[in-house]
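Q: Read off the chains here:
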Amino acid sequence: MRSVTPSPFRPAKSVDQTILKENRKLVESIERRAFLRGTLSLGALTMLTGCDVTNKDATQSVLRAMSAWNDRVQAFLFSPTRLAREYPASKVMRPPRFNAFYGREMVKDVDPAAWKLELAGMIGDKRPWALRDIHALPEVTQRTRHVCVEGWDYIGEWTGVPLKLFLERVGADMTAKYVGFKCIDGYSGSIDMASALHPQTQLTTKYGGDVLHKDFGFPIRLRVATKLGFKSPKQIVAMEVTNSYPGGYWENRRYNWFSGI
Amino acid sequence: MRRSGMERTNLLLTTSEERLAMASVSIAPVQRQKKIQPLIVRITHWINAVAMFIMIGSGWRIFNDSPLFPFIFHPDITLGGDVQLSFEKWQDSGMGGALQWHFAGMWLLVLNGLVYFAYNFATGRFRMKLLPVTLTGLLGDIGDALRFKLAHDDLSVYNHVQKLLYIGVLTLGVLVVLSGLAIWKPVQLWWLTDLFYGFQGARWVHFFCMTGFVLFLIVHVALAVLVPRTIVSMITGNAPPAHAPKERE
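Chains A and B, in that order, give the protein sequences. Position 246 of the first sequence, counting from 1, maps to 232 under this note's numbering, and the rest follow consecutively. Position 163 of the second sequence, counting from 1, maps to 232 under this note's numbering, and the rest follow consecutively.
Certain hints may be false.
Okay, the calculated bits of chain B under chain A, using three or more residues with CB under 8 angstroms as the criterion [claimed, not checked]: (1) 184 to 193; (2) 257 to 270.
Chain B residues, not near chain A, derived (Cβ > 12 angstroms throughout) [what the hints assert, rightly or not]: (3) R111; (4) L199; (5) L207; (6) I252; (7) T280; (8) F282; (9) L295.
Worth flagging that the hints you see were computed from the coordinates, not collected in a lab. Here the structure is a predicted model, which is why all the values come from computation and not from measurement. Think of the CB as a built atom: it goes at the ideal place given N, C-alpha and C, for glycine as much as any other residue.
Can you make the complete structure from the sequences, with help from the hints?
A: Next up, the structure:
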C-alpha cells in the first residue's frame, strides 16, 4: 500500500471496499467483456478508416518486403527483347500531358550552353557531356504509350540516343545493377541495368520532332517504354552507374521501384 | 434438385406447425453432423475476405489519384494511410501506401483464389453446388423470395438465385485478376491488355468488377446477418438446426 499524504481534498477515511471484493469475479468478467468488445470495435474501426495501420513500422516492414519481392518478380517477367508497341504518327498527343510533383509555373529554365550532364560511379570516362555532344550522337525515334502510375496514358513520340549506346560510349560497367539519375528540380530516379539496355530506353532530346519543351524535360530526359512514367526522369543533370540501390523521388515515397509495365 | 423442389411445394401447402415438423424431420442426425462447409472453403473464404478488404480499400485510394469517373472515395474509407500523417512522414498523400497494399494484397487474393478454385474443381464441388441453374428454377426461387417463402433450412443446398450470384461473383473474381494483370503489364502481357480493348478498357473492367464485388458484398453480408447460421457454418463448418426440434430435447 502506498502511503497517502494528508490533503484537504481527500476524505480522511477511505471508501469501503467490501462490496467490490465480494463481487470481484463479476466486475472482472464485465471488464473483460468490455475490453474484448472494445478491442474488437477499435480494431474494426482502424481497419475501416485505414488510419495509421499503413504507417505503422511493423506494417511498413511487411509491405516493403512485398514490394522488394515484386521487384524480383517483375525483373523475371521483363523480357529484354520484347518491344513496347509502336503507333502511327497520327496517334501522337501534342503537346503531351504535363506531370510533376509541383505546378507548371515552377518548372526551371535551363541554359543549354551552361548545362552539363555529370557522370559518376562505374563509368570509364566520367568527363561531363555538353548538350551539343549529346545531340551529335545517333538518334532513334519511338512512338509508344506512356503509362502513368495514376492510370492515365497517352501515345508520344520521343527521339534521342539509345541509353545502351550512350553507356557503351562512356565505358560504363554493364554488369552493374543500377543506373541512377538526378534532375535539376531535385527529382531523382533509378532503373535496373536490363531495362537500361532495352532498345526502347533512350536519353530523349526531342518530342514530336521538336526540341523538348522544358515542361517535358529539356534539355534531356529519360524515356523508358517498358516502365511507368515516373521512372523516366526529366531535366536530367547527372547520371550514375552503381551497385548500391540509388532509390528515387517516388520510390522513397514507397512507390514500387521496378515498376515495369 | 427434385427433392428441394418437392420440399418447396410441401412448404407452400402445409401449415406452419407441419412445416416445423417437416424441417425437424429433414435435419436428420447424420445430416447435422456432416460439415456443410469444408475446412479449405472456410479458410479460403476468410482469407479472401481480408484480401478483398485490402484490394478494394487500396484500389479506391489509387482511383482517387486520377479518377476514372467524376467522383472520389473519401480517403477515410480507403486504405493507404491517414492523409495528414502520410504527408508528414512521406510528403505523399498516401498513394505510396495504397500502391504497397494493392501490390501486396494481390498475392493474397490470387494465391488464395487458386487454392479455392483448384479445390472446388478437383472435388467437383463447383458442379455439385452451383449447377444446374435453370430459368424456371430462378423464377420459382425469386417468386418464393418475394413472398418470403424461400427455404433456408438446408444450408448445404443453394437456391437458384444464390447459384447465379455465386457463379457471377466467381466470374468477376477471374475477370478482376485478369484485368488487373492487363493494367499491371500492358507491355509484357500485351495480348491480355488487347483482350480488354487496351489499357483504358482494362481499367474500366477492373473498376466495374470492383463495383460488382461491392454490390455483391452488400447483399452477401446483409443476408448472412439475416440468417446468422450461415456465419456459424462458415466458421465451424456446421450449422445449428434452423428450428430446434422440441421433441428431441
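Q: Each hint needs a verdict: does it hold in this structure or not?
A: Here's how the hints hold up against the structure:
Coverage of the segment 184 to 193 of chain B by chain A is violated in this model, with 0 residues showing a Cβ closer than 8 angstroms to a Cβ of that chain against a need of three. Only when three residues or more bring their CB closer than 8 angstroms to a CB of chain A does the claim for the segment 257 to 270 of chain B stand; here the count is 4, and the claim holds. Every CB of chain A lies more than 12 angstroms from the CB of B:R111, the least distance being 20 angstroms, so the non-interface label holds. Taking the minimum C-beta to C-beta distance to chain A, about 31 angstroms, the non-interface status of B:L199 holds against the 12 angstroms cut.
At roughly 35 angstroms from the closest C-beta of chain A, the C-beta of B:L207 stays outside 12 angstroms, upholding its exclusion from the interface. At roughly 8 angstroms, the least C-beta separation between B:I252 and chain A is not larger than 12 angstroms, which violates its mark as non-interface. Residue placement check: B:T280 keeps its beta carbon more than 12 angstroms from all beta carbons of chain A (closest about 16 angstroms). Distance check for B:F282 against chain A: the nearest CB is about 17 angstroms away, which clears 12 angstroms, and the non-interface claim stands.
The non-interface label for B:L295 is consistent with chain A: the shortest C-beta to C-beta separation is roughly 20 angstroms, beyond 12 angstroms.
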